[in-house]
Amino acid sequence: MAELKIVKDWGGFEKFIAQIHEDGDVIVQHNQTLTGKSGASRQIDVVVTVQKGPYEYLTLIECKFWNSSVKREQIDVLWASMQDLNASKGAFFTTKGFQKGAQKYAESKGISLYKVREITDDEWGKPGRVIDIFLQVIQRTVRNFVPEVNGIAAINGAKLPASDAPLPINISLGDDNSSCMIVSEHKKKYSTFEALITHHSLEVINIYLANPPLINSGEECVRYLLYPVNLLFPKNIIIKQNSLLFKMPKISFEVGIKVHQSRIIVDRSSKLAYALAVVDCINKKTFAVSKALDQPKPIWTPLINHDKIQVQNGSDEKPIINGSILAVSIKNFFSPDEMDGLTPTELHRYDMI
Numbered sequence: 001m002a003e004l005k006i007v008k009d010w011g012g013f014e015k016f017i018a019q020i021h022e023d024g025d026v027i028v029q030h031n032q033t034l035t036g037k038s039g040a041s042r043q044i045d046v047v048v049t050v051q052k053g054p055y056e057y058l059t060l061i062e063c064k065f066w067n068s069s070v071k072r073e074q075i076d077v078l079w080a081s082m083q084d085l086n087a088s089k090g091a092f093f094t095t096k097g098f099q100k101g102a103q104k105y106a107e108s109k110g111i112s113l114y115k116v117r118e119i120t121d122d123e124w125g126k127p128g129r130v131i132d133i134f135l136q137v138i139q140r141t142v143r144n145f146v147p148e149v150n151g152i153a154a155i156n157g158a159k160l161p162a163s164d165a166p167l168p169i170n171i172s173l174g175d176d177n178s179s180c181m182i183v184s185e186h187k188k189k190y191s192t193f194e195a196l197i198t199h200h201s202l203e204v205i206n207i208y209l210a211n212p213p214l215i216n217s218g219e220e221c222v223r224y225l226l227y228p229v230n231l232l233f234p235k236n237i238i239i240k241q242n243s244l245l246f247k248m249p250k251i252s253f254e255v256g257i258k259v260h261q262s263r264i265i266v267d268r269s270s271k272l273a274y275a276l277a278v279v280d281c282i283n284k285k286t287f288a289v290s291k292a293l294d295q296p297k298p299i300w301t302p303l304i305n306h307d308k309i310q311v312q313n314g315s316d317e318k319p320i321i322n323g324s325i326l327a328v329s330i331k332n333f334f335s336p337d338e339m340d341g342l343t344p345t346e347l348h349r350y351d352m353i
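Just so you know, UniProt numbering puts 14 at position 14 of the sequence shown, and the rest follows in order with no gaps.
It is worth saying that the hints were derived from the structure and are not from the lab. Every residue, glycine too, gets a C-beta built ideally from N, C-alpha and C. A couple of the hints might just be wrong.
Unchecked claim - The calculated lysine-lysine pairs, modelled on DSBU-like cross-linking and capped at a C-alpha distance of 30 Å, are:
1. 71 / 104
2. 71 / 100
3. 235 / 189
4. 37 / 104
5. 115 / 285
6. 96 / 285
7. 258 / 271
8. 258 / 318
9. 271 / 235
10. 115 / 291
11. 188 / 64
12. 126 / 318
Said to hold, decoys possible - Quick list of simulated restraints, FRET-style, between CB atoms:
13. 292 / 15: 31 to 41 Å
14. 86 / 270: 40 to 50 Å
15. 295 / 67: 26 to 36 Å
16. 89 / 295: 19 to 29 Å
17. 262 / 282: 33 to 43 Å
Build the full structure now, drawing on both the sequences and the hints.
This is the structure:
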C-alpha cells in the first residue's frame, strides 16, 4: 500500500492520529507508558483524557501503519489494556483494515475500529481533489452582410435608390430600437430583421458550443473562427426600412466567433494542511478529517458520495471531467472590425431554409 503523504508531514502515523483528536476540550498524549491495576506497564500509542468536574474518562488508541490487516490478537491486547487501566473507551486506527475476526471481537467489546485512507474523487465531488479544465469564452459578430434583393418599392412618396447605389439597408445588432421591420409573413416569428439575424447567429454559436474543439493543445490564446451563413426563403421575405420595402429570396452573411481560451486548475486542498477519510468500520460511516492552514484545530465532517446522491435523485447531469472544455457565450456582439486583416479559420457553412 502506498504510504499516506500526511504521515511524513506529521512525523508518523501515531502523531497524526494524536493531532486529529486535539479539539481543545481534551488532553491528548502520544506514546504513553501507564501502570495498570495489575502493576504491569502498558505502552499506549495515544491517550485521550476528558475531565468533567471530579470525573476523568480515559480513551486508549492504538495505531498501526501496516501492510496487512489488523488481527484479533492486536484487539485483544488493547482490550486487556482497557481493563487494566480502567479506560472508558478504546479505539484502533489503521491504514489497511481489519480481519473479520478482529472486527467481530472489537464490536463485542465496544472498541471502535477506524481505517484511514485518502478521500476519493467521488467524495471530493467529481472530477476530484484537483479540477483541471479549459475555459472558452465565446463572443460573436456578424459581417459581410449580402442581401439578395429582387424587388424594391417606395411608400409615402419616397424616392427609389439609384440602381448603382448601395442598398440603404442599415441593421443595428444588439439595439432594441430597430427601424428595419419585417412586414411579410415571417414577422410571426421575427418582428425585426435584426431579430432574425440574431437568432441565426445564436444557432451558429450553439453549433460551436455543442462540440467545442481544444485549440493549440490548450494554450491560453484568442482565436477567430468564421461560419458562412446562407438563409434561403421559399417565400420572399419583405423588410421595411424607413419608407422603402425590400423583397429578398436569400440573405448571406458571416458569423465571426471570438474564442478566448484559458486553463483553470483548482486544487481544493490548497488551503488545507491535510484532508483524509476516516472510515468507522463498526458503524459503517465515513468522515472527512481536515485542518485548514489558518486554523489551529481539525474538524470532522460526514462524507457523502456525490455520485450516489446524483443517482438517487435521478439526475442525468454529467460530472465535470478533467481535461474537458467548459464553453460559455457572451450575449453582446464584438465589433467586426476586430477581424480586419486576420485570416480566421473557416468552419462548416450554415444553410437554413
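| request: Take the C-alpha atoms of residue 115 and residue 285, compute the straight-line distance between them, and say whether it is at most 30 Å. | output: Measuring from Cα to Cα gives roughly 11 Å; hence the hint holds.
| residue 71 and residue 104: Cα distance at most 30 Å? | This hinted pair holds, its Cα atoms lying about 11 Å apart.
| said: For a C-alpha distance cap of 30 Å, please report whether residue 115 and residue 291 respect it. | reply: 18 Å, holds
| query | Straight-line Cα separation of residue 235 and residue 189 no greater than 30 Å? | reply | 14 Å, holds
| query | Within 40 to 50 Å or not, the Cβ separation of residue 86 and residue 270? | reply | 45 Å, holds
| query | Does the Cβ distance between residue 292 and residue 15 fall inside 31 to 41 Å? | reply | Between residue 292 and residue 15, where Cβ atoms are some 19 Å apart, the hint is violated.
| said: Looking only at beta-carbon atoms, does the pair residue 89, residue 295 fall within the given range of 19 to 29 Å? | reply: Since the Cβ atoms of residue 89 and residue 295 sit about 26 Å apart, the hinted range of 19 to 29 Å holds.
| said: For a C-alpha distance cap of 30 Å, please report whether residue 258 and residue 271 respect it. | reply: Since the Cα atoms of residue 258 and residue 271 sit roughly 35 Å apart, the hinted pair is violated (cutoff 30 Å).
| Given the proposed pairing of residue 188 with residue 64, does the C-alpha separation stay at or below 30 Å? | It is violated: about 76 Å lies between the C-alpha atoms, which goes past 30 Å.
| request: Compare the distance between the alpha carbons of residue 258 and residue 318 with 30 Å, and conclude whether the hinted pair is satisfied. | output: 27 Å, holds
| message | residue 96 and residue 285 were given as a pair; does the straight-line alpha-carbon distance stay at or below 30 Å? | response | Status holds; Cα separation ~16 Å.
| query | Under the criterion that the straight-line Cα-Cα distance not exceed 30 Å, is the pair residue 271, residue 235 satisfied? | reply | Violated. Residue 271 to residue 235 sits at ~63 Å, over the 30 Å cutoff.
This entry does not satisfy hints 7, 9, 11, 13, 17, going by the numbered hints stated previously.
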